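**Student:** Model the full structure from these sequences, guided by the hints.
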Amino acid sequence: MRRTALAVLATLGLLACGGPDPEPGLSLALNWKPEPEFGGLFEAERIGAFAARGLSVERTGGPGAPVVQMVTARQVSFGIASADEVVLARDRGSDIVAIFATYQTCPQGLMTHAARGLASLDALFAAGGTLAVEPGLPYVKFLEQRYGFGALQVVPYSYSIGPFLNDPLLTQQVFVTAEPIAARRAQADPQVFLVADSGYNPYTAVVITHGETLRSDTARVARFVAALREGWQGYLADPGPANALMGPLNPEMDAEAFRLAAAAQQPLIEAAGGAVGSMSAERWAELARQLKELGLVKQAQPADTYFTNPTSE
Amino acid sequence: MLRRALAQSAPPLVTFAAAVVLAELVIRALDVSPLILPRPSAVFAAATSEAGPLLSALGATARAVLAGLLLSSTLGVAAAVALASSPWLKRAFYPYAIFFQIVPIVAIAPLLVIWFGYGPRAVVAAAAVVSVFPVIANTLAGLLSVDPALADLFRLHGASRFATLWKLRLPWALPYLLTGLRIAAGLAVIGAIVGEFVGGGGLGVVVLGAMRQQRTDLVFAAIGYASLLGLALFGAVGLASRLALRHWHASETNR
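Keeping their order, the protein sequence lines are chains C and G.
Following the working numbering, the numbering of the first sequence begins with 1 at its first residue and continues without gaps.
Following the working numbering, the numbering of the second sequence begins with 1 at its first residue and continues without gaps.
Derived by calculation from the structure, the hints in this document are not laboratory data.
Since the model is a prediction, treat every value here as computed from it, not as a measurement.
Built from N, CA and C at the ideal position, the CB exists for glycine as well.
Any given hint might turn out to be false.
Unchecked claim - Label pairs and their calculated CB-CB ranges: (1) G:Gly117 with C:Gln145: 25 to 33 angstroms; (2) G:Tyr96 with C:Ala127: 43 to 51 angstroms; (3) G:Val21 with C:Asn166: 49 to 57 angstroms; (4) G:Glu24 with C:Gly128: 43 to 51 angstroms; (5) G:Ala45 with C:Ala127: 35 to 43 angstroms.
Stated by the list, open to error - Here are some chain G residues the structure puts well away from chain C; computed CB gaps all over 12 angstroms: (6) Ala7; (7) Ser9; (8) Thr15; (9) Val21; (10) Phe44; (11) Gly59; (12) Arg63; (13) Arg91; (14) Ala92; (15) Ala149.
**Tutor:** Structure (structure tokens):
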């Protein structure tokens, strides 16, 4: 009798709370192996920022994971993508929305050999040689339109700096926190130009979610972003502990590579005005306009459909 | 003649049409996002509106596939003849031929680029590497399965090793080789496209670019063009085996 009463009370209690069962866990799909790009996430886990807000976040995905598709299909709550992927996906009918931007300055760059003595992107494109880039990247299309690839032989990039080390006239795409560090440690003398200096600067390592999740689970999304921001503030202050956590999960990168990458990305993450991770409508509108001009999207949507800066409390 | 052609082509075409219509209806009914699975109608639209670039990419891929197949069939037959010539050679080297069957082409394709440079040569090499094993294995099986009575007959008449190879073993192995080529043709298309992922050019780059731009319709359209290439090669090998075998081999005379 007492048991039944308790069960009834418990049920009523749950109903009163508004949830039929304990909240299901959240999941976040990464698009690469654990590395400083995700430092804030691991720091947030380490200091219990998610748990303190009643959240449990399971990491999934990895290199090659179709993150945009996974979030579009709501197989995961959150994913890591870049801002141009968000604009392209929304143009293709997906309802994904950006909620946090890790890199305020796009960390994509072009790396060539310093011995060539090229002073600018203009000089680089005029100098010729080989350009290794992933086919179809929006920023490559932007660079082609802006500078012209007439003097260059364009070949695919397949995530190996072997060809770069082999060819003194090769230029390749890089994440400024990854390949240049590897090249320097392989005794090369790389020179790196930020793509952002060309005028194309999408937010990168953006956390995305589905529009439906954002509308139905607004409070939890806001708590997630607050926890992630706390993690990033901690990581920017001291990347050491989170790096130690990520190291064993990414054995190809040693502790020194983690340290160098964390230092290299610091200025790209620290926001000029607002809080870490927050985004502005002007930047999204500019990106959508650029992608429209490149013919990659049919139309630019209103900037505030692409992103939101969730605020808690 | 026309009736026969119709009887041959009607069943697969009906299957195709039915599958397309069904897929269109199901995708519409379930309202699947085009990012996850594009509708067949969108794929056809991409295949026609982008026909120019797709056809020129198809041409580049087809040239690499043909060159790769030429290389793998020549080297494969030569290797099989060598392996069949001595049990010792076969024991010593055949296990390593299997390497070509299991080699993860995605993993070694970047190396092919470093060895052969960017462009068609690396792509041809990738196509040849993945398509050589079925040629070796099938030709070898043919060379070694010669009717012992016929081999005795050649020996009784004092035929030279070369004459036995040229007039008995190779003709005997021909149907096997052609079966090997049918398998090799499809593999060569895959090998070339993976080679293009890293070496550049052709349908491989179209697929990569379309994936990067989340144009799943274009990805599937490119796959469609690649399938046409595979079908054409399969048909060409079939035609070759009909012409070569129709007068004497049961596989073609029994049709």
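**Student:** Over 12 angstroms from every CB of chain C: does arginine 91 of chain G meet that, or does the non-interface label fail?
**Tutor:** 36 angstroms, holds
**Student:** Taking the closest pair, is the beta carbon of alanine 7 of chain G still more than 12 angstroms from chain C?
**Tutor:** 42 angstroms, holds
**Student:** Is 43 to 51 angstroms respected by the C-beta to C-beta distance linking tyrosine 96 of chain G and alanine 127 of chain C?
**Tutor:** For alanine 127 of chain C against tyrosine 96 of chain G, whose Cβ atoms are near 45 angstroms apart, the range 43 to 51 angstroms holds.
**Student:** A range of 43 to 51 angstroms was offered for this pair. Does it hold for the Cβ distance of glutamate 24 of chain G and glycine 128 of chain C?
**Tutor:** 48 angstroms, holds
**Student:** Between alanine 45 of chain G and alanine 127 of chain C, is the Cβ distance one that fits in 35 to 43 angstroms?
**Tutor:** With Cβ atoms ~41 angstroms apart, the hint holds.
**Student:** For alanine 92 of chain G, which was marked as not at the interface, is the minimum beta-carbon distance to chain C over 12 angstroms?
**Tutor:** Holds, since 33 angstroms exceeds 12 angstroms.
**Student:** A cut-off of 12 angstroms on Cβ-Cβ distance, and serine 9 of chain G was said to be off the interface with chain C. Does that hold?
**Tutor:** About 35 angstroms separates serine 9 of chain G from the closest Cβ of chain C, which puts it past 12 angstroms; holds.
**Student:** Using the C-beta atoms of valine 21 of chain G and asparagine 166 of chain C, is the stated range 49 to 57 angstroms upheld?
**Tutor:** 51 angstroms, holds
**Student:** Valine 21 of chain G clear of chain C by more than 12 angstroms, beta carbon to beta carbon?
**Tutor:** About 22 angstroms separates valine 21 of chain G from the closest Cβ of chain C, which puts it past 12 angstroms; holds.
**Student:** For arginine 63 of chain G, is the shortest CB-to-CB distance to chain C above 12 angstroms, so the non-interface label stands?
**Tutor:** 18 angstroms, holds
**Student:** Does the beta carbon distance between glycine 117 of chain G and glutamine 145 of chain C stay inside 25 to 33 angstroms, or does it fall outside?
**Tutor:** 28 angstroms, holds
**Student:** Holds or violated: is the Cβ of threonine 15 of chain G farther than 12 angstroms from all Cβ atoms of chain C?
**Tutor:** For threonine 15 of chain G, whose nearest Cβ neighbour in chain C is about 28 angstroms away, the distance exceeds 12 angstroms, so it holds.
In this structure, none of the earlier numbered hints is contradicted; all agree with it.
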